[in-house]
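**Q** Sequence:
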Amino acid sequence: MSLINPIFFLQKAREKGVAIAAFNVHNLETIQAVAEGAAEERAPVIIQTTPGTLKHAGIPYIAACVKEAAKIYDIPIALHVDHCPSYKTIVQCIQHGYTSVMIDGSQLPYGENVELVRKVVETAHYCGVAVEGELGRIGGVEDDVFVDERDAAFTVPSEAKEFVEAAGIDFLAIAIGTAHGMYKGEPKLDFQRLSSIKEVVDVPLVLHGASGVPEASIREAIRRGICKINIATELKIPMADAIKECFKNNPDENDPRNYMGNAKQAVKKAVREKIRMCMSNGFADELKRL
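What the sequence shown shows, in my numbering, is residues 1 to 290, in sequence order.
For the record, the hints were derived by calculation from the structure and aren't laboratory data.
Idealized CB from N, CA, C, for every residue including glycine.
Please note that the accuracy of each hint is not assured.
Unchecked claim - Here are the in silico distance ranges between beta carbons for each label pair:
{"id": "1", "residue 1": "Gly58", "residue 2": "Leu290", "range": "30 to 40 Å"}
{"id": "2", "residue 1": "Phe8", "residue 2": "Pro256", "range": "29 to 39 Å"}
{"id": "3", "residue 1": "Ser195", "residue 2": "Asp252", "range": "51 to 61 Å"}
{"id": "4", "residue 1": "His125", "residue 2": "Lys55", "range": "22 to 32 Å"}
{"id": "5", "residue 1": "Pro256", "residue 2": "Leu290", "range": "37 to 47 Å"}
{"id": "6", "residue 1": "Lys55", "residue 2": "Asp285", "range": "31 to 41 Å"}
{"id": "7", "residue 1": "Lys248", "residue 2": "Gly111", "range": "50 to 60 Å"}
{"id": "8", "residue 1": "Asp285", "residue 2": "Glu220", "range": "23 to 33 Å"}
Working from the sequences, and respecting the hints, build out all of it.
**A** Structure below.
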């Protein structure tokens, strides 16, 4: 199967009341873990990369690996660039086969944000690629970008409606109290705000910063309209812990097939758990019948 535009299965997920898990990957092993885990759960999945990962691994390498995974596994797989502030990088991703892009103009004044997003939408839609936009700023750290909690602004429902209509995006990331990275305490999500946004916005809604959010809160967010859940840190941690454990047990280990193999299995376990949390296990087979 080829990589696909995710808008179809996001819309169907919204209708069914489930969410699609979107996992940030960094190398071959994390790509394999996400694809294998999703295939074992029979779930559609979004594999996504930040600009930092693109710089680390290279767009051609990432795109080639994920395209190959889509051929191997009989599930819908989309390839998405996450939190990208650069129009040039967005174009490069599209040229290499990305099927979804997120242009992040959330640090810009509202008018400039809309102008940048519309430019990306025009290019991406011409190529059959979906576009995610963000309104409101998610606190925490993503790559090297830090947003202080005091500067994180919740999404205003009326502004969300205006933004979606003005920019022409396919799905919208909203700020309702989550943050990138792990939490020091339990996050308090503004569910009423989410419900209000859903009432006025007719595109799939995205929750960033889901790592560390209790399952009950994730399920409630899905019930109220979230249909794409971004997960990054909760893949990094088991990967790092597995590598540390390998060297703790065998300080002389020097074969990456061993320590990275253990790490891959730890990541795959987390992937399967998060897919079940999103209730999208088995959804790939349902989509075939639609």
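**Q** Does the Cβ-Cβ separation between Ser195 and Asp252 fall within 51 to 61 Å?
**A** holds (56 Å)
**Q** Tell me if the beta carbons of Gly58 and Leu290 are separated by a distance inside 30 to 40 Å.
**A** Roughly 36 Å apart at Cβ, these two residues keep to the hinted range, so it holds.
**Q** Is 22 to 32 Å right for how far apart the beta carbons of His125 and Lys55 are?
**A** Distance hint for His125, Lys55 holds at roughly 26 Å.
**Q** Between Pro256 and Leu290, does the beta-carbon spacing fit 37 to 47 Å?
**A** Hint holds: Cβ distance 41 Å, inside 37 to 47 Å.
**Q** Holds or violated: 31 to 41 Å for the Cβ distance of Lys55 and Asp285?
**A** holds (37 Å)
**Q** For Phe8 and Pro256, compare the CB-CB distance with the range 29 to 39 Å and indicate the outcome.
**A** holds (38 Å)
**Q** Take the C-beta atom of Asp285 and the C-beta atom of Glu220, compute their distance, and say whether it sits inside 23 to 33 Å.
**A** holds (26 Å)
**Q** Measuring from beta carbon to beta carbon, are Lys248 and Gly111 in 50 to 60 Å?
**A** Holds: the Cβ-Cβ distance is about 53 Å, inside 50 to 60 Å.
Comparing the model with each numbered hint stated earlier shows that all of them hold.
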